[in-house]
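Q: For the protein sequence lines, the chains are A and B, in the order given.
This note's numbering applies: residue 4 is where the first sequence begins, and numbers increase by one.
This note's numbering applies: residue 6 is where the second sequence begins, and numbers increase by one.
Since the hints were derived computationally from the structure, they do not count as laboratory data.
The C-beta atom is built at its ideal place from N, Cα and C for all residues, glycine as well.
Check before you lean on any hint, since a few could be wrong.
[Stated by the list, open to error] Not everything, but these chain B residues come out facing chain A in the computed CB check (under 8 Å):
1. Pro26
2. Ile27
3. Ile32
4. Ile196
5. Glu203
6. Pro402
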Amino acid sequence: MLEFFQQIINGLTLGSIYALIAIGYTMVYGIIGMINFAHGEIYMISAYIGLLTITALTVQFGVEAVPLILLLTLTISILVTSAYGWAIERVAYRPLRGSPRLIPLISAIGMSIFLQNYVQIGQGARDLSMQPLISGGWRFGPAEGFQVYLSYMQVLIAVVTVVFMTALTLFIARSRLGRACRACSQDLTMTNLLGIDTNRVISLTFLLGAALAAVAGVLVSLYIGKINPFIGFEAGIKAFTAAVLGGIGSIPGAMLGGIILGLSESFASAYLRTEYKDVVAFSLLVLVLLFRPTGLLGKPEIEKV
Amino acid sequence: MPKHFSEAVWVALLAGLLTVPILGIQIQVEGINVSLIGSPLPVLLAMAAVFVARLLQAPLKAVSGLAHIIQRLPRPVHWSKAYRPILLGLVIVAAVIWPFTASRGSVDIATLALIYVMLGLGLNVVVGFAGLLDLGYVAFYAVGAYGYALLSMHLGLSFWECLPLCVIMAAITGCLLGFPVLRLRGDYLAIVTLGFGEIIRLLLNNLDDLTGGPDGIGNIPKPTLFGLEFARRPSTEGGTTFHQFFGLDYSGADTIIFLYLVALAMTLLILYVINRLIRMPVGRAWEALREDEIACRSLGLNPTTIKLSAFGFGASTAGFAGAFFAARQGFINPESFTFIESAIVLAIVVLGGMGSQIGVILAAVALTALPEVARQFAEYRMLIFGLVLVLMMIWRPQGLLPATRPRLELPARAEALR
Chain A
4 MLEFFQQIIN GLTLGSIYAL IAIGYTMVYG IIGMINFAHG EIYMISAYIG LLTITALTVQ
64 FGVEAVPLIL LLTLTISILV TSAYGWAIER VAYRPLRGSP RLIPLISAIG MSIFLQNYVQ
124 IGQGARDLSM QPLISGGWRF GPAEGFQVYL SYMQVLIAVV TVVFMTALTL FIARSRLGRA
184 CRACSQDLTM TNLLGIDTNR VISLTFLLGA ALAAVAGVLV SLYIGKINPF IGFEAGIKAF
244 TAAVLGGIGS IPGAMLGGII LGLSESFASA YLRTEYKDVV AFSLLVLVLL FRPTGLLGKP
304 EIEKV
Chain B
6 MPKHFSEAVW VALLAGLLTV PILGIQIQVE GINVSLIGSP LPVLLAMAAV FVARLLQAPL
66 KAVSGLAHII QRLPRPVHWS KAYRPILLGL VIVAAVIWPF TASRGSVDIA TLALIYVMLG
126 LGLNVVVGFA GLLDLGYVAF YAVGAYGYAL LSMHLGLSFW ECLPLCVIMA AITGCLLGFP
186 VLRLRGDYLA IVTLGFGEII RLLLNNLDDL TGGPDGIGNI PKPTLFGLEF ARRPSTEGGT
246 TFHQFFGLDY SGADTIIFLY LVALAMTLLI LYVINRLIRM PVGRAWEALR EDEIACRSLG
306 LNPTTIKLSA FGFGASTAGF AGAFFAARQG FINPESFTFI ESAIVLAIVV LGGMGSQIGV
366 ILAAVALTAL PEVARQFAEY RMLIFGLVLV LMMIWRPQGL LPATRPRLEL PARAEALR
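Use the sequences and the hints to build the structure in full.
A: Structure representation (structure tokens):
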């Protein structure tokens, strides 16, 4: 029973990360109907920026206050990574607006391969690792036997995720730009006719998605402490699975999907073999698409002639 | 021009800001000392590249516009049609004679190129003709390769006996996957096939008892010529080898040339089958479905069956190529069947021009030969590859040699007929 709780804690941590990345997929898909295949790479880049910033702050400038390091790292990583998100949209997707569906998808695959190799050239293909910034945690349960371990880092991930999710939800629900986003996802052409600069809204979507992926990237580099240029591909696919699971285009769906995926992966690695956790994730994707292509919270898409 | 110039400066500055953390700063670890080192050169190079690219954008657009005009000029259709069989014959004869004059290394690369030609042609049916984006194509290639390796290891079957079995296995796998999945819309299909490709790779990696896990399977026998082996000594008691039978001296080049010729024959077979298929109702239906699914449905075509036939055919081609790949390498492991392999085959189809077979063949040859020629740029190979994919989609989404479809049009002016 205690092991069950441990898996729930691990699953929720993993799920928060997936949920943060999944929002980038779901927002872009909701507005322009394309799968931003390079989104996983954005997350990978943010993990690198996070790790470099932390190293720079601790080693070069000798900053020791952990909250200050966290705050600065998150800020820098979010700024640079959203600039990446914006630039990628500008270079690889905007010129393709209005072309058949497969064209931007292929462009996105190209972008993803490009970014992966670009980071590999800049930073090397090997794992980069760093000392844990935050260590320790709480233990629950009997002194002998299985103890449930909840690390401070896991709590931090949960808190940061909740803060950013709430901020995003408020932004989408309350602000003018958020309203423009919702309008665009309903009908892009009509929104444009009503005098909203849809290109700006689309850029904003990429920016927001990249910013949340940046949060995920920084948290992962803190939590796992080991990154390489290839983490983006897998995380991207998983987050996409989460987005589809929750219903692509729906922001609460992406959050829910991320949590479900994180939990199922964590249980799969505990009760099956660890190697099969990816198989479980991908099988979940295939199964969801087969039996409920609109996802848990998604609306059915009506094909127009 | 000043406007272009100032814009280019801004874009270059932005590029500098973006590339500084990735290209400009590296972490250096010496023992327990961690330090950061700055390297400004790559950043400056990237900025310069972006600056030049931005400045050249306008002139380049004019050039691509010109290419468009050239393409729309009327072509000497009658000329090319009449001479096509002769031309084709000459090309085939040249391809058969060439290996006897070329070096071992280049024949070996040509064999690899032919494998990619086969894969490209197969995927071209799925992506180019039927318009289904398959990102897990390498899964069927893996089924073919592992199929041959396992059949020959456990049942002792020869390459020629295994080849049809591998094709059937890959086709069955394709249909099993395709049947439930093909109801999905295009981009969902892409992701499901991608997930499936990963599942196959993970299974190959983890089913240690069956597939040998990450170590793969070795000692896969090479194809034989009517039972004649290409080896210094026969592997079985009482067997005969190629050079003994014909009374020649043993030469390692024989094997390579033979493999090349087998690959060439297989490629020609695939080309022939595809060219027959696309003239049959099923082939016509593939293209019709790609153009307009709803119209097809209202004309009484069953989209699922048609998509399934394209998907299954593409899968069987990959299985065909996979069996040959296993035989040529003599050793396979899951590393050969990663997503990047699928992406390369997709790039071949996209670069060549979706639906254009000659384009796919040329692109496959170019993409396998170029890395061999430009070995000093090996590090940048995939970087350029990704960039080319993006630029192609922006400038020439129809590919370098777009397919020309047979079509009938009414003469522009009806008076011309009188």
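Q: Okay, which hints does this one fail, numbers in order?
A: Of the numbered hints given earlier, the structure breaks none, since each of them holds.
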